[in-house]
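Protein sequence lines correspond, in order, to chains A and B. If you count the first sequence from 1, position 136 lands on 136 in the working numbering, and the numbers rise without skipping. If you count the second sequence from 1, position 110 lands on 110 in the working numbering, and the numbers rise without skipping.
Read the hints as simulated data drawn from the structure, not as lab findings. By construction, the Cβ of each residue, glycine as well, lies at the ideal position given by its N, Cα and C atoms. Take the hints with a grain of salt, since some may be wrong.
[Said to hold, decoys possible] Cβ pair distances, simulated, as ranges: (1) B:Arg161 / A:Thr208: 32 to 40 Å; (2) B:Ala262 / A:Leu79: 34 to 42 Å; (3) A:Lys175 / B:Arg161: 41 to 49 Å; (4) A:Thr208 / B:Arg97: 35 to 43 Å; (5) A:Arg131 / B:Leu136: 55 to 63 Å.
[Stated by the list, open to error] Computed footprint of chain B on chain A; a stretch qualifies when at least three of its residues, placed anywhere within it, have a C-beta under 8 Å from a C-beta of chain B: (6) 77-88; (7) 96-107.
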Amino acid sequence: MRKLDADRNAGSISIEGLTRRFGAVHAVDGVSLDIRAGEFLALLGPSGSGKTTILMSIAGFEYPDEGRILLGGEDITWLPPNRRNLGMVFQRYTLFPHMSVLENIAFPLKMRGLGRAEREERARAALRTVRLDQLGERRPAQLSGGQQQRVAIARAIVYRPRVLLMDEPLSALDKNLREEMQIEIKHLQREIGITVVFVTHDQTEALTMADRVAVLDHGRLQQLGAPRELYEAPQTEFVAGFIGETNFWSGSAAAAAAPGEAVGVRLEGSGVMPALAVSRVAAGDRVRLALRPERLRILPGAAEGVPALVTEAIYAGNATTLMLEAAGGQVLRLRIPAGAGLPEAVAGEAVTLGWQAADARAFGVAP
Amino acid sequence: MSGGAPNRAGRMAVNAAAYAVTVFLLLPTLIIIPMSVGPERFLRFPPAGFSLRWYAEYFRDPDWVAATLFSLEVALLTALCATVAGTMLALALVRGRLPGRGLVELLVVGPVIVPHVALAVAMFLVFERLRLTGTLLGFTMAHTVLALPFVVFTVLAALYRFDAELERAALSCGAGRLATFRHVTLPLIAPGVVSAALFAFIISFDEPVVSFFISALDRKSLPRKMFEDIDYNISPTLAAVATMLTALTVLALLLGFVLKRAAERRAAARSG
Ligand SMILES: Nc1ncnc2c1ncn2[C@@H]1O[C@H](COP(=O)(O)OP(=O)(O)O)[C@@H](O)[C@H]1O
Ligand SMILES: [Mg+2]
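Whenever a hint applies, use it, and build me the whole structure from the sequences.
Following this line, the structure appears as structure tokens:
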């Protein structure tokens, strides 16, 4: 029974208090993260946020200043990379140019001492998995970018590792191919049940591919959650701004509130509007309100809300985007989905804005 | 396109000048060839006839043959030692995080900067005491020191062109450091390593200054033997030897060129 549990957890990764400094730069700053076996986890953040450093620490190419890394419960923090038995796909394919495609894929098996016949058979099977059966004899340089990255994936999974690490593997591909590969990688991951840690700076890629996304900024973990959680319930102002489109509006809390409670916010140049406190706030505390464009509504008639002027209306088929200017010069974007029968407006029109309390997230601002 | 004709004329002028300089530089070397086939007992230009007797003389003289074989032995061993040590040094300089890296670099460059005569005197003094003068070991050590900088620079250049991420890829595939070097790094820097070995061979084979000092009466290198020959009996054998030396060097360079072309063609086939 215990053995079975151990097997099931063999692909889990625990990162505990990981810190890595380069001189004065905290590339990774106290990141703790539990990745479940068989999970697809994306590390998402802007360039320089520490994604690669975290991935390389898991792979064994970087060693932390503080913290530990466990693989299937076993401490691998100081284990050399070639003894971690992880699959790795790099941004620039990194196929061995002097070997054929098949030799590339068979290389990890050769290093594990497998015989020629078994190597060949398993390499061919891996090549079939990435749908390149016919190209085994070619040299890497004779393949397109997408094909090369598929070969790199085949090489990384041919020895059936529990974990596959990928560092921006699709960023060198053009848009169509990238979207195709996203789906393919996702299918492959489900098919072989491997744990995937996937680094990307592209939020759409992270949200569409991952079971959970870890958002990083300046080496710190901002939030870990399912894509829907990140979009609907961002826990920090950074996440609210980084994931999807957001209007930010400064104001002050009209009353004290605990996290998750409704709170009135006195907006700059406007009245008090309903919101949801993300962190604990005291009456009068400065807050920042995050409002998604598609959650803003134009209220009919003389309803109570925020008066604003439509400065521009941009029609884009599936939706209309309004550029608004509220009192106090606050600029907002509002999106009206087409076909939902919602009231629209034209440029130059004066409107009244409103929203549900749950759709306006109030973040406390450090004084 | 309109600038094509004057451009071509200009290029031809530059080429002509380059060839003229080359011929001027090569002429003294080329004069050796006719001088080596003269029939008389003394070096003379132009030769009074054609004869290969001095070539035969060379092969008949055990002194010449011994010096040649000794030089070949030293050059081969030097090529081996300098290439192995130099490649390892270059790797350590590029990949390693070794402390005192600057000092190591300085030591490597040293033999290029220090005048060879000074180096030769120093080596003579040390080798005398250690009874290494006139030995294969002594010569190989001395020439390895002289050849090392060229090997290190050549391999360094190859390593800088090499994508280090491939080594990470190999490690992530489960290859150890040594296997990574053998299966990935070495095959990809091989053209550089081969050039380096040829360099080392040529540097050792016609090295005159240090060899002059650390030779012994009974064991000497070819350049030293040639120098003695000039001193004692300026015979056309010397010209014959010089001709063969030139031919050998040219052959070595051609071999290097062919090997490099082959490597490039392989690379082109990869990307073609
Ligand atoms: N080897 C290194 N030497 C110095 N600074 C580094 C090194 N690697 C990363 N950094 C710094 O650490 C920070 C995080 O880098 P990285 O993990 O590569 O970020 P990301 O992959 O999210 O773009 C950056 O500020 C980067 O400049
Ligand atoms: Mg990165």
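Item checked: Indices of hints not satisfied (ascending) -> When the structure is compared with the hints, only number 3 turns out to be violated.
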